[in-house]
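Novice: With these hints in hand, go ahead and build the complete structure from the sequences.
To convert, note that position 239 of the sequence shown is 239 in the numbering used here; the numbers rise steadily by one, no gaps.
These aren't lab readings, by the way, just hints derived from the structure by calculation.
Check before you lean on any hint, since a few could be wrong.
Claimed, not checked - Taking lysine to aspartate or glutamate and the EDC-like style, the derived pairs with C-alpha atoms no more than 16 Å apart in a straight line are: (1) K254 to D278; (2) K158 to E123; (3) K83 to E41; (4) K158 to D133.
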Amino acid sequence: MRINTRRASVNIVLVIALVFLAAAGVYAITNLNLTPSSDEENYLLTISEISDQHELSAPENAEADRVMLYELPVGSVISLTAKTEGISHQITCYNERNRKIDSFTMSLDGYGRGERKELEAGETVSYAVTYSDIDYAFMSIDITEGEETISYFFRVVKAEAPQQSEDAKVELIVTAIPTGSKVLVDGEPQEFLAYNINDYNYFRLRDIAAVLTGTEKQFNVEWDAKSDSILLTTGKSYTMQKGDLEGNPSAENKTGLATQSTIYVDGEEVALVAYNIDGNNYFKLGDLGKVLNFGVDWDPDTKSILIDSHKDFTE
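Specialist: What follows is the structure, given as structure tokens:
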């Protein structure tokens, strides 16, 4: 799972990883148990979810016998706890030519990037991998103690959409009740025409795209009439259309019909429940936050729904 860069100085072409090494006959997929943690003497490294792992043979003349390359689905959380003083860390990002193109430290709250490499004894930092991390050929979490650095290599992949059980049933016709909850987007009040369906808040898809455009969580919405598909593309801005963000405080209860359209996020089919109300598709806000990776929360004190473009989605 790790490589000692002080001793081995292993310049592994991890990339040409799964292509070059495979061609050279030194790459093998193993059935090893997926180990989500490494409990060392002076630190504890944990990973919330590992979808797969690959064992790569080290290059000739390297002291290390093998390198483990882990696959982490979007949303998986890496956490590091220092048991003693003198532990520092960083996450390094590589391109397809095995070149370092970026590096950053994890943060105390797990959102975004931190400010310090060195940790205090008992301190924990974490990082939730995001869709943008898929663009890197691979990454590493580098942990340094004194003159020794241990690197754990991984790459980020899209999370598989959860499969609905055969027993799971979607109501074909529902009553949609206008929600009276206040909605804050990045701390600012925003008026929506949203509905409560079976105790869940449903929002118009294009309204969410409209309020997030221009932020790091922006996404575009397209309709493919030929295939009856809704296409969502993360990182792409959305152009507002007539009718977007037109709240109606006096709205009455409506009838919602289950949407039969196929839904894709960045080309991957996802299983989401949506309802068509007056010709518009409404999705459960939490489901959108999960597949598009933006923050969704509830403030019980102010009875407000919170949408945060600066945070990743958490359960």
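Novice: Decide, hint by hint, whether the structure agrees.
Specialist: Results for each hint:
1. Pair hint K254 plus D278 holds up; C-alpha atoms about 8 Å apart against a cutoff of 16 Å.
2. At roughly 30 Å between alpha-carbon atoms, K158 and E123 are farther apart than 16 Å, so this suggested pair is violated.
3. The straight-line distance between the Cα atoms of K83 and E41 is roughly 8 Å, inside the 16 Å bound, and the hint therefore holds.
4. Distance restraint check for K158 and D133: the Cα-Cα separation of roughly 10 Å lies within the 16 Å cut-off, and the hinted pair is therefore satisfied.
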